Amino acid sequence: MFFWIIKRDLLLAVRRRSDVLTTLFFFVIVVSLFPLSVGPEMNLLRTMAPGVVWVAALLASMLSLGRLFSNDYLDGTLEQMLLSPQSFSLLVLGKALAHWLVTGVPLVLMAPVLGIQYDLPADALFVLVVSLLLGTPVLSLIGAIGAALTLGLRGGGVLVSLLVLPLYIPVLIFGAGAVEANMAGVSFEAHLSLLGAFLLVSLVFSPWATASSLRVSME
Amino acid sequence: MLQGSNLACVRGDRRLFKDVNFTLEAGTLMQVHGPNGSGKTSLLRILCGLSNPALGEITWNGTGIRTLGYEYLSNLTYIGHLSGTKDDLTVLENIRISSALAGMQITEAQARKALAYMGLKGRELLPAKVLSQGQRRRVALARLLVCKTKLWILDEPLAALDVMAVKLIQRLLERHLADEGMVIMTTHQDIEVTTFSKVNLKLA
Amino acid sequence: MAINWYKYSSPASFYSLAGKMIPFFSILAIGLLAAGLYIGFFVAPTDFQQGEAYRIIFIHVPAAWMSMFLYVVMACWAGIGLAFNTRLSSMMATAIAPTGAMFTFLALWTGSLWGKPMWGTWWVWDARLTSELILLFLYLGFMSLQAAIDDPRRADKAGAIIAIVGVINIPIIYFSVQWWNTLHQGASVSVTQAPTMASIMLTGMMVMVFASWMYSIAIILKRVRVIILERESHTAWVTELKNKGAL
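Quick note, the sequences are listed as chains H, G and E, same order. Taking this note's numbering, the leading residue of the first sequence gets 1, the next gets one more, and so forth. Taking this note's numbering, the leading residue of the second sequence gets 1, the next gets one more, and so forth. Taking this note's numbering, the leading residue of the third sequence gets 1, the next gets one more, and so forth.
Warning: the hint list may mix true and false statements.
Claimed, not checked - Cut-off 25 Å, straight-line C-alpha distance, at most; resulting in silico cross-link-like pairs (DSS-like, lysine-lysine):
(1) G:K167 x H:K7
(2) H:K7 x G:K148
(3) E:K242 x E:K20
(4) G:K148 x G:K167
(5) G:K113 x H:K7
(6) G:K198 x G:K148
(7) G:K150 x G:K202
(8) G:K167 x G:K150
(9) G:K167 x G:K198
Stated by the list, open to error - Partner residues aside, some chain G positions facing chain E, computed with beta carbon under 10 Å:
(10) R11
(11) G12
(12) R14
(13) D19
(14) N21
Rather than coming from a laboratory, the hints here were simulated on the basis of the structure. Since we're looking at a predicted model, the values are computed, not measured. Each residue gets a CB set at the ideal place from its N, CA and C atoms; glycine is no exception.
Working from the sequences, and respecting the hints, build out all of it.
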């Protein structure tokens with residue numbers, strides 16, 4: 001059933017490619033705006049790059065959270081999932097994973113191209129990709145809690161950012177920090193291990209919290 | 001056997017109903033009556049375990065449904081106001097995926113057969129968004145043909161259906177009741193399942 | 001004598017109990033506040049490094065402590081409300097949030113006032129100030145979520161979940177910010193570098209901490225009473241109060 005939900009959400013994403021592309025374009029545009037606002041000074045851009053790419057990834061991932069449960073809520077499929085005789089937490093985990101595959105992975109793939117715009121060296125690009133690969137699933141998992149809590153509320157979109165962005169801060173610090181450490185020539189393994197630890201913690205905790213939130217919101 | 005005792009439901013400051021008692025035996029249909037806003041849908045959602053009653057308890061074969069959890073859900077099929085179909089999936093995908101998510105994997109042949117019974121032959125590969133309201137309802141109800149659950153809870157299953165489809169559902173319900181199944185439903189139309197026992201539950 | 005705790009977990013009896021407790025805590029709060037401010041501004045000596053400006057710690061430190069402590073207390077009440085389905089606990093959590101947010105804001109404000117003479121700037125990205133800022137965001141998130149939900153039962157439960165998620169995250173956030181701060185050294189002077197404190201300063205500060213406690217308890221009880229009335233406005237005992245002219 002876990003695979004059925006992933007398969008279903010991926011199928012839906014393929015049928016509605018525009019949603020996926022919108023998130024990706026948003027990411028690209030936000031990153032491209034920064035050089036226009038601070039000037040094309042390469043040294044400055046190089047220092048800013050990790051932070052800019054990470055903040056843009058954060059925003060892009062958050063922007064797509066609204067769709068995570070609301071469509072299923074409106075057409076009644078979420079209700080049916082709640083009544084499924086199998087673990088609802090597992091189902092929610094499947095949905096979060098599908099969300100990551102649809103929004104997170106394209107960002108990870110696009111990031112090196114944007115890094116080149118900022119003149120990042122090759123090994124820094126590599127660290128950027130690895131840090132995003134570890135960090136973006138955490139964003140989807142934490143974001144799922146916020147999306148579940150704000151399900152069906154007026155102004156849910158703005159509210160979800162207020163709830164979720166503060167919780168994203170550790171991921172942002174260590175994600176961008178890994179790339180900066182690499183560029184400064186110091187070891188970045190600790191950053192990546194911590195990101196991995198965050199991923200494990202959120203894998204355990206977030207599906208449960210999201211499932212409880214959905215039960216509360218659907219009552 | 002499904003039993004509800006002293007059920008009460010409060011929405012906001014308003015009490016929708018209280019002291020609702022019933023016992024539902026195998027092979028029985030229970031029709032919930034009441035004017036609009038009397039809490040029919042709320043009652044059905046409470047019986048599914050989607051929301052909690054303000055007071056009272058629901059038991060399945062003597063054990064509370066909260067305690068049973070997933071075990072209770074494995075006996076239950078609920079079809080609510082919302083059809084539970086995805087607009088961007090085809091009719092065939094819809095029924096196969098919704099059955100799989102309900103814990104019942106079915107083959108394509110089974111799915112096609114169920115759809116044909118519901119009069120959707122030739123529309124299997126259309127996306128659900130081009131269907132009419134009544135056709136969507138038929139897709140949702142087709143799940144009843146493939147599920148193996150004992151207790152069906154149906155919220156206005158006959159809404160938007162034409163005369164032919166109502167007859168189909170009637171036959172389907174009779175077959176289910178003959179198999180010792182149980183049905184709880186709300187409807188404004190009169191449904192005749194003459195050969196089987198029927199209980200009425202009135203909400204004020 | 002056994003005290004019947006369950007009696008006081010019903011909103012109606014807690015309402016009258018809280019009414020009796022409020023004057024007691026209010027008087028304590030005012031008394032301690034007066035004593036603390038007197039010690040802080042008149043008795044405590046001028047600091048030879050920081051001059052008179054240091055006196056702001058008599059407000060800043062208690063506010064910062066309270067802000068963190070109240071979040072944990074709030075999450076505990078919310079968690080109890082979620083686990084045992086006790087309405088009063090959830091109301092307590094809702095009542096604590098604005099006070100906690102107020103202390104967080106006060107800590108940020110006084111921190112920035114202190115920063116100007118110390119560091120020559122209103123704001124530094126010091127680990128503590130940054131954590132405090134994030135804490136303010138967490139409080140605001142909790143309050144906005146509850147405000148956006150019409151059904152009070154759903155608001156209680158949703159608030160409880162976000163409070164628990166927040167309380168689990170606070171140590172992680174604090175640790176991350178600390179790490180981030182040490183990585184970018186040079187940007188700030190840490191607040192921890194306070195010189196050893198004269199004992200009279202410490203006394204003044206502790207008195208202020210107790211004053212903040214008493215104030216918090218009084219104001220939270222007051223707010224809980226309002227919330228109880230709001231939620232129970234359709235019940236018989238509130239109508240009775242109204243008829244007696246007690247409202």
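Give me the numbers of the hints this structure contradicts, sorted from smallest to largest.
1, 13 and 14
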